[in-house]
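*Asks:* Position chain B against the provided structure of chain A, taking the given hints into account.
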Amino acid sequence: MSAEQHKQSFLTKYIFSTDHKVIGLQYGITSLVWLLFGFALMMIMRYQLAYPESPIPFVGSIIGDGGILPSEMYNSLGAMHGTIMIFLGVVPLAFGAFGNYFVPLQIGAIDMAFPKLNAASYWMYFIGSVIMAVGFFVPGGAANSGWTSYPPLADIATTGQTVWLFGMVMLITSSLLGSVNILVTVIQLRTEGMTWMKLPIFVWTQFITAFLLLLAFPPLEAAGVLQLMDRLAGTSFFMPSGLVVSGEVLTNAGGGSPLLWQHLFWFLAHPEVYVLILPAFGIITEIIANNTRKPIWGYKALVYAMVFLGFMSFIVWAHHMYITGMGTSIGAFFQTTTMIISIPSVVILTALLLSLWGGSIRFNTPMLFALGFIPMFGIGGLTGLPLGLAAADIHLHDTYYVIGHFHYVVAPGTIFALFAGIYYWFPKMTGKRTNETLGKLHFFFSMIFMNGVFMPMFVQGLAGVSRRLWDGGETYAHAADVLYLNEVMSVSAWLLGLAQIFFIVNMIISLFGKKTGEKNPWNATTLEWTDTTSPPLGHGNFEVVPSVYRGPYEYSVPDDEQDFTPQSKKV
Amino acid sequence: MDIPFTVKNRPDTGLYNGKLGVWLFLASEVMLFGGLFSAYIFLRTGVEQWPTGSEYLDIPLATLNTLFLITSSVTMVMSWASLKLNDFKKFKIYSGVTLLLALAFLVVKYFEYTHKFHVGYLPSTNNFLGIYFTMTGLHVLHIIGGMICIFYFWIPGAKMWESDPERFTNRIEIVGLYWHFVDLVWIFLFPVLYLL
Chain A
0 MSAEQHKQSF LTKYIFSTDH KVIGLQYGIT SLVWLLFGFA LMMIMRYQLA
50 YPESPIPFVG SIIGDGGILP SEMYNSLGAM HGTIMIFLGV VPLAFGAFGN
100 YFVPLQIGAI DMAFPKLNAA SYWMYFIGSV IMAVGFFVPG GAANSGWTSY
150 PPLADIATTG QTVWLFGMVM LITSSLLGSV NILVTVIQLR TEGMTWMKLP
200 IFVWTQFITA FLLLLAFPPL EAAGVLQLMD RLAGTSFFMP SGLVVSGEVL
250 TNAGGGSPLL WQHLFWFLAH PEVYVLILPA FGIITEIIAN NTRKPIWGYK
300 ALVYAMVFLG FMSFIVWAHH MYITGMGTSI GAFFQTTTMI ISIPSVVILT
350 ALLLSLWGGS IRFNTPMLFA LGFIPMFGIG GLTGLPLGLA AADIHLHDTY
400 YVIGHFHYVV APGTIFALFA GIYYWFPKMT GKRTNETLGK LHFFFSMIFM
450 NGVFMPMFVQ GLAGVSRRLW DGGETYAHAA DVLYLNEVMS VSAWLLGLAQ
500 IFFIVNMIIS LFGKKTGEKN PWNATTLEWT DTTSPPLGHG NFEVVPSVYR
550 GPYEYSVPDD EQDFTPQSKK V
Chain B
0 MDIPFTVKNR PDTGLYNGKL GVWLFLASEV MLFGGLFSAY IFLRTGVEQW
50 PTGSEYLDIP LATLNTLFLI TSSVTMVMSW ASLKLNDFKK FKIYSGVTLL
100 LALAFLVVKY FEYTHKFHVG YLPSTNNFLG IYFTMTGLHV LHIIGGMICI
150 FYFWIPGAKM WESDPERFTN RIEIVGLYWH FVDLVWIFLF PVLYLL
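Residue numbers (numbering that gives the first Met the number 0), protein chains in the order written: chain A, 0 to 570; chain B, 0 to 195.
A portion of the hints provided could be inaccurate.
Said to hold, decoys possible - In silico DSSO-like pairs for lysine-lysine, Cα to Cα no more than 27 Å straight-line:
#1 K18/B with K88/B
#2 K18/B with K197/A
#3 K431/A with K568/A
#4 K299/A with K431/A
#5 K115/B with K7/B
#6 K88/B with K197/A
#7 K158/B with K7/B
#8 K115/A with K7/B
#9 K115/A with K88/B
#10 K299/A with K91/B
#11 K513/A with K197/A
#12 K18/B with K115/B
#13 K12/A with K518/A
No lab work stands behind these hints: they were computed from the structure. The structure presented is a predicted model; accordingly, all values stated were derived computationally and were not measured.
With the rest of the complex left out, here is chain A (with noise of 0.2 Å):
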């Protein structure tokens, strides 16, 4: 096998490679820069917001127009900002690039059940992604319509709307690719011993969360197929009759409904929040179980409570579509479940706060950020009830507090839980330690900061502040108490910018640091850590691929000599 590795050249070993950790690799790269460049788009837009029709410094030249930001452009920035940031960052980031790197090597496979798949997987996500940015030079610029994309705005929009559905079709098929690869891995491929009660948390998470992408994910494709149609072959799938557009009636057949997207659209989008969730509380219940020392609170309940969660997570999309005016029997409906769901993901959050009671808790830069991750998810959640509810629901839906409720399950959660997840396993990837006195200063301003940033959203929305004002809300009469937030919330959005350059250090001095070589630096007990080398063997990841006898969190076990107690240690 050794003398097989030496004969790779770097194109097959780095570029082309089908071996499970290189493509983790690569998918974390891609994604971590999608997800700067994502939240680049975003500084640009909220210095219109906090200075409305001012030059923008530094990058006004390239936008033109005296460097002030046209309205289209506005409107494009927004779209491929949740663009980007969900289907280009987070979830590669969260399913690509950890499922990828750390589901074999937690359960004892040697690699992914289809290596090839998995490359190609890899490529068309690269390929996926490049489309998306191709958008941004055609005429009209990049998608505008919102990262929802609802017709008949989305019908009649300029061509980058059309790239952007392309786009999606390769991020859909390369999702596809990904998730059956991890559904066969996890079922054909646990070694001896791992049965199913002493998987990882890690790997159930990110199990549910391949069966979400590979259900939710096609209607959205044949949405995407019927929007394609509409746009190119001239069909009305989403136009009602009779449309009106700059004042003159629309000659296309029509008979169409909008609703029909929104409804197809949710089916994907809401399952894809799960998408987004599910790994990090992967993530976090590893790193919870690993720095309190003592197993985690709940195992079974917090497996069942995700199942259900997954199965939950397709019967709620209509929540999203309670001012759409499709009738209040069906929201009746979709309110009833939306409570319902809200049922395990506190099962979630309560089993990991009890899993530090009584720990002897570590505070390093990964425990930090993991103990970031639950008060702030746990914002996220709790100002998500109200919006479950049609009456409520409403009166906010369409203002900032809506912003700030997704950004704080996606923001301060996923993405803390990401960088909880890197924090922790960068030993393990690169055979390094990270600098903890920048991870904690990383933590510590991040942390600040997205409060900044999202916190005054609640008090926009509340008072009654559009999500969709090109000018921050200047003109519009809610917003004259609370126009003051703007400037706040743009100067916490530059300085988190700001805050990540601990992180971008950090990671490359530790990068070029020296190798410590430690295969256990955590003393931690899943299969990983306890019998690779760091980072793993190139293909095969184990000297001698291990057998499982023990659950997945046995810290502190009374008469062990050690605090830990690997799973492949024999009873």
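*Replies:* Quick look at chain B alone, frame taken from chain A:
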């Protein structure tokens, strides 16, 4: 090191990796066509006037096509069964017939499409024709995809029969599962679009 269970079944699941993979893929395909069928229902119930299929479409031709596809499903199973019985020659014949029937389906479809374009029935004419062209078009793409796979294992990929017969048989089984699914989609498309 080789990845386990690529050819042999895993004892506790009773499946080899590829078979489980293709079933999961088909589950996803069900959701894709399910989304389109739902869209069809949504569009149809949302308007007062919805044409019946016979106003625009040719039912006898579609019946012929249904026969072609059902027969091709039978020959597909036969080609797999021949491999199981170690009869490589018969496999070649049945695979060839499957391809021929699929091609016949495409030819009929081609005449159907061109006839409609000729008399001015376009996707943009109304939503019935729109959804007809979208769904059958996507189905035709699936047929072409299946034909490429069957052709690959018929001629260039058939070498594997000598080196690894069990794995080759598995591959034919997997292609077969996909092919039956594509047939099944047509079995739903035919009544929904042509008859109802």
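*Asks:* Look at each hint and say if it fits the structure.
*Replies:* Quick rundown of the hints versus the structure:
no. : hint               : verdict
1   : K18/B with K88/B   : holds (25 Å)
2   : K18/B with K197/A  : holds (25 Å)
3   : K431/A with K568/A : holds (25 Å)
4   : K299/A with K431/A : violated (34 Å)
5   : K115/B with K7/B   : violated (49 Å)
6   : K88/B with K197/A  : violated (48 Å)
7   : K158/B with K7/B   : holds (20 Å)
8   : K115/A with K7/B   : holds (19 Å)
9   : K115/A with K88/B  : violated (31 Å)
10  : K299/A with K91/B  : violated (52 Å)
11  : K513/A with K197/A : violated (35 Å)
12  : K18/B with K115/B  : violated (39 Å)
13  : K12/A with K518/A  : holds (23 Å)
Violated hints for the displayed structure, listed by number in ascending order: 4, 5, 6, 9, 10, 11, 12.
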